[in-house]
Amino acid sequence: MVVAIGLLISASKDMGTYSSFADARQSDKKVKVVGQLAKDKEMYYNPEEDPNYFSFYVKDMEGEEHQVVLLKAKPQDFELSEQIVLIGKLKDDTFIAEDLLMKCPSKYKEEEISLRGSL
Amino acid sequence: MEELRYIGEQLLPGKLGHFLVILGFVSALLSAIGYLKTTNLRTDAGYDKGWLAFSRTNFLIHTISVLAIIGLIFFIMINQMYEYRYAWEHVSEDLPMRYIFSAFWEGQEGSFLLWMFWHVVLGGIILLNKGKWEPPVMATIAFVEVIINSMIIGVYFTDAFKLGSSPFLLLRDTMDAPIFNNPDYLSMIQGNGLNPLLQNYWMTIHPPTLFLGFASVTIPFSFALAGLWMKEYKSWLKPVLPWALFSAGILGTGIVMGGAWAYEALNFGGYWAWDPVENMSLVPWLILLAGIHGNLIARSTGYSIKATLFFYLLSFVLIIYSTFLTRSGVLGDESVHAFTEMGLEWQLVLFILIFSALSTWMLARRWKQIPAPEKEEKLQTREFWMFIGTLILLFSAILITFTTSIPVYNKIFDGIGFLVGKDMSHLHRSMPVDPEPHFNRYQLWIAVFVAFLSSIAQVLRYGGRSWETYQRRLAGHLLISTIGGIALFILIRLWIDTFTWQNAVLLGAATFAVVSNVDYIVRFLRANWKSIGSPMAHLGFALMLIGVLASGTNKRTISRNEFAQASLLDDVDARNNIVLIQGKPMFMEGYWVTYRKDTIIGQTRKFLVDYKRVDPDGDTVEAFTLLPNVMYDKQFTKVSASNPDTKHYLGRDIFSYIHALPAAQMDAEEGRKQEENLDFHDYLIRPGDTLTLQTAAVVIDDLVMQVRDPEYDRRPGDLAFSVSVKARKPGQQEWHHAAPGLVARQALLYRFPAQVNDLNLRLELPDDGLNRVYTPEDSLAYQAFTLQQGETKEIDGIVYQLIQLDRIARHPDYIAEEEDVALNAIITVQNRNLPGIDTLRPLFFIRGNIPYHLKAYSPSRGIHLRFTNIDPVSETFYFEAAVDPDMNKPVTLRIAERVPRDDLIVMEVIEFPGINLFWLGTVMMMAGLFLSMYTRARKPIP
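Line by line, the protein sequences give chains A and B.
Note that the working numbering has the first sequence beginning at 16, numbered continuously upward.
Note that the working numbering has the second sequence beginning at 589, numbered continuously upward.
Note that these hints are calculated values from the structure, not bench results.
The hints are all genuine.
Example chain B residues on the side facing chain A (calculated, C-beta under 8 Å, incomplete):
id, residue
1, R1017
2, H1026
3, I1166
4, V1227
5, R1489
Even glycine gets a Cβ: it sits at the ideal position worked out from N, Cα and C.
Based on the sequences and whatever the hints tell you, model everything.
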């Protein structure tokens, strides 16, 4: 029983928090940052140059904006994302993301009626 | 306002559907009450016949309602009746019929119905067996059906509070769109269809299996409640066992299928990612296994009845909890495959509360009555170690649930915050940043324990029977297992790496378990092969562990090469994608990989990628082709899903997945934007010109009256024109050829741009290009002359020579007919002021006694040549030639530089060694469970 509780407490240390870029700056560990894609800023992915380099800008919940480099291919439907959870570290002024999760509202095209014959 | 009369709507199925949903609800409720009464009114003589008949009839009515509802939904979907939201949401005109089942259970309502369907089937089996346990067990099943049925009942109390969501809602009632002001809206809308990611056979087989698993967990739960209810704490232990084994087998199969789906058809790059949805299907299964082991102990020794009850009750509550997590939207930020929200959160919470309260209450009420032997348990008994095993399974489940429930804690904090009026969001936590190491770290030790326990407990006996004589045999078995385990461990270490000492311990435990279970099968079961289920399942578990170690820790990304840039983060090596250019072999991790070509079949675009491994002598030791593919949406404008392809060997798999295509091919909208951004410049060119661009030199070779483009299919009457050019990078030797073209077909112009990917060039001819090559006949001044075979003549500085005549008539505008007499003249022409010679093939033919001719034209030389007549007697041939007045005019060539390549794919390739051991192990586990079920159901074990 004691062992069990001990293990649970140690397991709870793995829990992450949703951070802001400001938090990420303080931390040298990997963090999760929640934010939104800055749609007015440039997105850059050129597989000819580097298939594992996708850069874009994200504004976190506190309004701070940073360039993000995702070390992966550009995810499908990235432009449509409503919210992005970045996983990685802030290095200098760039957030290096190993992975990200995005929330896409249009995945099921809920409130959109497509008309017959329309392209 | 007058109500609109809509055209073409069929409202009857919906009305019938609503009625059936309510009928199903009411009949389930009546059946539950009936069975409750039947159980409570039982006497020594048995059950009250009247109540029993009442309950059965109502369950039958419920069964018919469920089947009819399902039938109606299929009817609505198959006929694409988009007036119903469920049909509109899940089917479309182009959805192949074979996906109709997938479309049915894609939605929450459909999956609830699938769940109900299996309850009805399982309940039906219990009902038809008419055993002593029918009334109390059926009471619970019917009650569960009441609750699930309420999820699809769709009754609104206020606008904000509804009970369930009906699958028979009308589309126009569920959304507010201007199109519904049109009475004929139905003829104008099309269905959404099935999410392309779900259009595969896994979606057809996985949900029914998993939901059968879910539904089957209800049976041990009902039996446990029944045992408590009837105060018969022992007699239920026997009939429940086959059901629990079946449930564990089928639920396990469903979970493994989910893993296989993720591995075969999705981009997880593995079969298990510790995703919350996966976790929450695993947890009830673990608890069910704990229950089965408790049940076995209880059957043989009378110990652990309480634990068995607790586990069976808990496994069902966890099934509902899992349902809540996946369906309430609570996992939104954390899972890739939760359902979309449906507004049933509170109903699902209530569902959990009702059944956990019921279970707790029943258990607490009877706790003191449940028999538990007072005797001290001895270390040398099987039941002691089995019981430890159940506790470890429970602990595993607690650990997984603890982490997976993080989003729930956040919601609870929000709830408390709402009540006390404070913002509690600072207490929010997220799932571990790296879920896999987190879960693996803890579950590894659980697996080690389970592997050892499954070996030790197998060779021990219940009650430690005849321990004195048995002791020595046990020592013998342990010795064999240890020596054999070590030998196997060494052998496996030759094949795979364990990397950490923890993994080495796990491998040690697994090899020990493999040998001891094989030993057990060989030594103990020769006489009694029917008990093979248990060692088989445990052997399967041990093999699965080896498979996990092999494929998980030894998986290797092949899609890398040493030229990749240094990693931006020192401790991260996430760069797993590689770019393949069509036709250019790329060397990676021992393989030469070539993206050969792509083919389009329906909505799917397959990429043929060749793999070749060569030994130092240059001999090919391995060669295969993989076909990873992408699926486009129905308008072919956007990639909607990417599907991996995997080469399966006995010892390893090679998995490949396309992560990206050129932007324009991923999304037509992107392509349009990219086109707009291309920096085109116009150049006026003549044959022989050289253009010096910023990134390349372009030489104009010739103007040609044809277009060679795979997309172009020449038809008579077409005016086809292209400029053939060669280009190279400054300072390089290799020329790249291209020929942008232009075609006029009747009144339409078609452009055929050319791309030189190696130079990032795009070339095209603007529409005015045709002005240069199209000259009206009446503006040409033809001069007649004759030639004989081999003869040469010079007219206006142009030398004509008739080389030969060809009876095989060829001309782009000529379609041969029977009885035609046709002849091609092959004539070389040479301009005095231009280098080189050109060959022209004018055609002469006679059709129905009338002579016709079709001219040949060399745009670069400006020569129009007609073959007008033949004098067969003197073998003289008549020609007319004209010089084009525009021949010295330049042509506009439009060129853009720095154009993105359109012939590449971005791919990830991973090698999974020993993954078949994982599948073999899981299959053996499930087969072992089913075999045990069969044995337990058939022959009572004394």
